[in-house]
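Colleague: So you can see what is in the structure, the chains are spelled out below.
Number of protein chains: 2
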Amino acid sequence: MKDVSVGICGLGTVGGGTFNVLTRNARLIAGRAGCNIRITRVASRRAREDMDLGDVPFSTDIYDVVNDPDVDIVVELIGGYDAAKELVLAAIRNGKHVVTANKALIAVHGNEIFEAAEKAGVVVAYEAGVAGGIPVIKAVREGMAANRIDWIAGIINGTGNYILTEMRAGREFSEVLKEAQDLGYAEADPTFDVEGIDAAHKLTILASAGFGVPLQFEKGFTEGISKITPYDIAHAELLGYRIKHLGIARRRDDGIELRVHPTLVPQSHLIAQVDGVLNAVLVDGDAVGQTMYYGPGAGDEATGSAVIADIVDVARAVATESKLRVPYLGFSPDAMEDLDVLSMEDIQSAYYLRITALDRPGVLAKIASILSEHGINIESIMQKESELKDGRIPVIILTHTVQERQINRAIEELEALSDTDGHVVRIRAENFN
Amino acid sequence: MKDVSVGICGLGTVGGGTFNVLTRNARLIAGRAGCNIRITRVASRRAREDMDLGDVPFSTDIYDVVNDPDVDIVVELIGGYDAAKELVLAAIRNGKHVVTANKALIAVHGNEIFEAAEKAGVVVAYEAGVAGGIPVIKAVREGMAANRIDWIAGIINGTGNYILTEMRAGREFSEVLKEAQDLGYAEADPTFDVEGIDAAHKLTILASAGFGVPLQFEKGFTEGISKITPYDIAHAELLGYRIKHLGIARRRDDGIELRVHPTLVPQSHLIAQVDGVLNAVLVDGDAVGQTMYYGPGAGDEATGSAVIADIVDVARAVATESKLRVPYLGFSPDAMEDLDVLSMEDIQSAYYLRITALDRPGVLAKIASILSEHGINIESIMQKESELKDGRIPVIILTHTVQERQINRAIEELEALSDTDGHVVRIRAENFN
Numbered sequence: 001m002k003d004v005s006v007g008i009c010g011l012g013t014v015g016g017g018t019f020n021v022l023t024r025n026a027r028l029i030a031g032r033a034g035c036n037i038r039i040t041r042v043a044s045r046r047a048r049e050d051m052d053l054g055d056v057p058f059s060t061d062i063y064d065v066v067n068d069p070d071v072d073i074v075v076e077l078i079g080g081y082d083a084a085k086e087l088v089l090a091a092i093r094n095g096k097h098v099v100t101a102n103k104a105l106i107a108v109h110g111n112e113i114f115e116a117a118e119k120a121g122v123v124v125a126y127e128a129g130v131a132g133g134i135p136v137i138k139a140v141r142e143g144m145a146a147n148r149i150d151w152i153a154g155i156i157n158g159t160g161n162y163i164l165t166e167m168r169a170g171r172e173f174s175e176v177l178k179e180a181q182d183l184g185y186a187e188a189d190p191t192f193d194v195e196g197i198d199a200a201h202k203l204t205i206l207a208s209a210g211f212g213v214p215l216q217f218e219k220g221f222t223e224g225i226s227k228i229t230p231y232d233i234a235h236a237e238l239l240g241y242r243i244k245h246l247g248i249a250r251r252r253d254d255g256i257e258l259r260v261h262p263t264l265v266p267q268s269h270l271i272a273q274v275d276g277v278l279n280a281v282l283v284d285g286d287a288v289g290q291t292m293y294y295g296p297g298a299g300d301e302a303t304g305s306a307v308i309a310d311i312v313d314v315a316r317a318v319a320t321e322s323k324l325r326v327p328y329l330g331f332s333p334d335a336m337e338d339l340d341v342l343s344m345e346d347i348q349s350a351y352y353l354r355i356t357a358l359d360r361p362g363v364l365a366k367i368a369s370i371l372s373e374h375g376i377n378i379e380s381i382m383q384k385e386s387e388l389k390d391g392r393i394p395v396i397i398l399t400h401t402v403q404e405r406q407i408n409r410a411i412e413e414l415e416a417l418s419d420t421d422g423h424v425v426r427i428r429a430e431n432f433n
Numbered sequence: 001m002k003d004v005s006v007g008i009c010g011l012g013t014v015g016g017g018t019f020n021v022l023t024r025n026a027r028l029i030a031g032r033a034g035c036n037i038r039i040t041r042v043a044s045r046r047a048r049e050d051m052d053l054g055d056v057p058f059s060t061d062i063y064d065v066v067n068d069p070d071v072d073i074v075v076e077l078i079g080g081y082d083a084a085k086e087l088v089l090a091a092i093r094n095g096k097h098v099v100t101a102n103k104a105l106i107a108v109h110g111n112e113i114f115e116a117a118e119k120a121g122v123v124v125a126y127e128a129g130v131a132g133g134i135p136v137i138k139a140v141r142e143g144m145a146a147n148r149i150d151w152i153a154g155i156i157n158g159t160g161n162y163i164l165t166e167m168r169a170g171r172e173f174s175e176v177l178k179e180a181q182d183l184g185y186a187e188a189d190p191t192f193d194v195e196g197i198d199a200a201h202k203l204t205i206l207a208s209a210g211f212g213v214p215l216q217f218e219k220g221f222t223e224g225i226s227k228i229t230p231y232d233i234a235h236a237e238l239l240g241y242r243i244k245h246l247g248i249a250r251r252r253d254d255g256i257e258l259r260v261h262p263t264l265v266p267q268s269h270l271i272a273q274v275d276g277v278l279n280a281v282l283v284d285g286d287a288v289g290q291t292m293y294y295g296p297g298a299g300d301e302a303t304g305s306a307v308i309a310d311i312v313d314v315a316r317a318v319a320t321e322s323k324l325r326v327p328y329l330g331f332s333p334d335a336m337e338d339l340d341v342l343s344m345e346d347i348q349s350a351y352y353l354r355i356t357a358l359d360r361p362g363v364l365a366k367i368a369s370i371l372s373e374h375g376i377n378i379e380s381i382m383q384k385e386s387e388l389k390d391g392r393i394p395v396i397i398l399t400h401t402v403q404e405r406q407i408n409r410a411i412e413e414l415e416a417l418s419d420t421d422g423h424v425v426r427i428r429a430e431n432f433n
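Just so you know, the protein sequences line up as chains A and B, in that order. Just so you know, the UniProt record's numbering puts 251 at position 251 of the first sequence, and the rest follows in order with no gaps. Just so you know, the UniProt record's numbering puts 357 at position 357 of the second sequence, and the rest follows in order with no gaps.
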């Protein structure tokens, strides 16, 4: 049986998990891969005192891996942008195949990296970058190969989903965030997670792999969950909805919707039931309809599982020298379309609006007529006399689907109304139809 | 761009869906596959007046496809056992690759077919045979390649799941079955679906692909849903459970559990929320933990989607002539283990028991002591005075996990008790721990 040699760069959470699973399940993995996958070198800035690397040579210089002529596959698990990019490009120049879990790298520098890999005739694989252990890139690029994928919607950040899940018990965002930090679910600086940047990285990759368009991270829209209140969560529930932090990508004839924001989803839909740190990605194809992929979006061995699935695929490709590999973004470069990402004003959505209004006669009529003038139909409206406070009362409205442009203009007018407190809360809603 | 030529045998539901999607999305599929996939011949016993085959030659003799020297991939969609087996073996002898949606064929004759294909150096692919449009074979064989898969549990028959979903409203099995037949969800002879044979075919394949053991359909256990009552469904709900018709495969050191039966699952688990005709497969791996794959388990284009995903994979393999393909059952033949399927007496489960007892003093004590003598611990017990009828009252018990052997002996003694009506209802329960 042929040996394929793997060098791991980075021994943090995912690096450790990958090393441990590859070692523990070596025989089983060889049985699936048809070749022995051997870790022949490991490098990391910091040594891991808690890990037993056996007789695998360890180095603190990651370039010892990249420059080792015996390494077939370089596994990039150092994270970040610049150092990772240099490392991956150097590996490609050296004729190495690359497996990475780095979503930021692929979302931001993927077009350049794939082009370099294509020229060098090597493979760059990134399953572990999206939704951790869930093999969703494989599902989108290969499992759904027959389909025109129309949209993808995912809970692709476990930290955010944990926070929103806990907030359903009436707890405030800041309190749950602190708890998530204490539990190790959230970083000391939680920006990447709670502001949706991490999710936007993953969504960018999913959209490109699904639709066959270049990676366009910088054009996506991102809104975090830090302004979500237990009040809005409770009222969304009364309307039959649940608030999830979704990444949504939709393919339209005139462009791509690419957006991460808090979203009302019907409680009856399976994705509303995905709680805690877990991830789920819903993919809609013209032939298959809706499919969903669910599981752990993070964790040492869970993410390691996806890293190793890529290593096995690449190891098979190493042995075949085939030109007919699965294309990086699902489609051959010459079959890709140069569709632009649409501006948020052009997207379509339903909306939850919370308007704090003075309790005066005629206020509801004014609100309704502003919405009507902008062509916005109301699906539900809620106002409870018992919530009157300081002469003000919240009016909650769920609209039908309209263009974001229409809602923006209506909100401007609602906020300018002397009968409101000048601030309208707006959360987008999806029915997955 | 290279052309790969496909011949379709069978133009029923799935054949029609496959033809239509391959034709409609031809350009998109070529962009993903890196080659043009062209349907060059179609054969079916009966012509489809409702379909436009364009200029593709049609024949009523399926061997016109198998014997056409220009066909690279034979797509077997005629269904059934013997004729399909002959067709597939003939195609393999002619050096054709084969894609099939036929779970019965693979579950019963797969070992023989794979051996013939291995010798002939061709590929046989069967994604569409399990859970329709959900790419779960790909997930298990490739996406989870790093994992020792410990168990697989799935809702893999849409008809049965539709019936159990509708029965939650208090309706009887026979009434809902008739409705399902009228809606076209159930066959005139519903045995394959409601007695779990169809699910057992799929489970056999999933278990082999996940665990790396030969296909052993004939040794599996199958129990249908025709004896489930709205009463037991309602009482399972009171206990916090939902009754689903699950296929469960568990890998143990001493063998494989392989069983299809009605099962109580916790309402809080995502799989309990999978309703109607939809399918979902839960896979537990030692590295990744639990992942779930959800979507349509049947339908013309949904199943066609899986057929075409296989065609794309095979088309890439055709061009590479690689020896290092994904192994049929996930593992290279020499890496497979000869683990036997365990007898049902050896499986472990929790149990829901409904005992109809005479309303006499001391009955509960007798029941409890029989369970206790067999080492069976009780998790919950329910008995409502209001349900007393003709001097009899139902006693509902949920046990902890024990061996099926223990429950069988206890049920024998409970049924022999003069204080009961001689019939104990038993439904297995899973907590997915």
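Keep in mind that the hints were calculated from the coordinates and are not lab data. Watch out, some of these pointers could steer you wrong.
[Stated by the list, open to error] Straight-line C-alpha distance at most 27 Å; calculated DSS-like pairs for lysine-lysine:
1. B:Lys119 / B:Lys178
2. A:Lys384 / A:Lys366
3. A:Lys2 / B:Lys119
4. A:Lys85 / A:Lys2
5. B:Lys227 / A:Lys119
Colleague: Next, verify each hint and record whether it holds.
Modeller: Results for each hint:
For the proposed pair B:Lys119 and B:Lys178, the alpha carbon gap of about 47 Å is over 27 Å, so the pair is violated. Distance check on the hinted pair: A:Lys384 and A:Lys366 sit about 18 Å apart at the alpha-carbon level, within 27 Å; holds. A distance of roughly 21 Å separates the Cα atoms of A:Lys2 and B:Lys119; the hinted pair therefore holds under the 27 Å criterion. Only pairs whose Cα atoms come within 27 Å are accepted, and A:Lys85 paired with A:Lys2 is rejected, the gap being roughly 30 Å.
Restraint check for B:Lys227 and A:Lys119: the C-alpha separation of about 63 Å exceeds 27 Å, so the hint is violated.
In the structure shown, a violation is registered for the earlier hints numbered 1, 4, 5, in ascending order.
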